[in-house]
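Could you put the whole structure together from the sequences, leaning on the hints where they help?
Take the sequence shown: its position 130, counting from 1, is numbered 130 in the UniProt record's numbering, and each next residue is one higher.
Derived from the structure by calculation, the hints contain no laboratory data. Each statement offered as a hint is correct.
Pair ranges (Cβ atoms, derived):
id, residue 1, residue 2, range
1, 45, 71, 22 to 28 Å
2, 33, 248, 19 to 25 Å
3, 98, 20, 53 to 59 Å
4, 107, 199, 23 to 29 Å
Built from N, CA and C at the ideal position, the CB exists for glycine as well.
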Amino acid sequence: MSSQRASDQQKQPKYRQIADYLRAGIMDGTYPSGQPLPSEETLAKQFSVTRPTVRQGIAELRASGLVEVMAGRGGFVRSPHSRPSLTRPRGVRREPDGRYVEADGMRWTNAEEPTATRTDAPVALADLLRVPPGEPLFTYDVLQTAEGSPLRQLHRTYVPFSVLVGTKFEEEPPPPAPDLYRALTALGHELHFTEYVRTRMPMPDQAESLRLPDGVPLLQLLRVTRNSEGQPLALEELHLPGDDLELTYLL
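This is the structure in structure tokens:
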């Protein structure tokens, strides 16, 4: 390390020096993923600072998603080089009995009753659904938990009113997905699915519902259900934790 670089580092606030020291250790494997960081007391003595200064340095790493702090247990490493603990094949398949299930076979349980509302299509969703902005949509929101796993997801279903014209669902609301798939099939549609995936930082209520640590993004999946002519029939918006989950697609 050059004397100039060392001098520049010494000019940094102590909490930043602590953050840089720990970040370097995480990146080079000195502190492996899942392992605890040095205690606040150890770092305070090493850098001749108070424990609040140590916490300020660790807070920088939490914000960047490199550290998870567990109440009563301290800080644990979340290395960007580690493999995710859960890999999920994506897609929807139809069973012989007519049910549609997720390709990974995972069973989802509603943590609460789906909330049904009527909304107007915003521009971005209207484009995907090929309906005019402002067209009314049936909308369902529900928090779901995965059977046998701590994984949680926020699941929203949109169905344009125009898709249901001339059907029994003009008089009664359609069911939310996945039951929606069988209902659309019963109306004579052959279903095809397209998913769009991106990451973004969660809103505070989403982070709370999904139990996301600070600095962890979420995966946003938009699944469009189309008929054999390519007409969009419904859209689902799914939000899942983006820290320890990997999605795979069969090409």
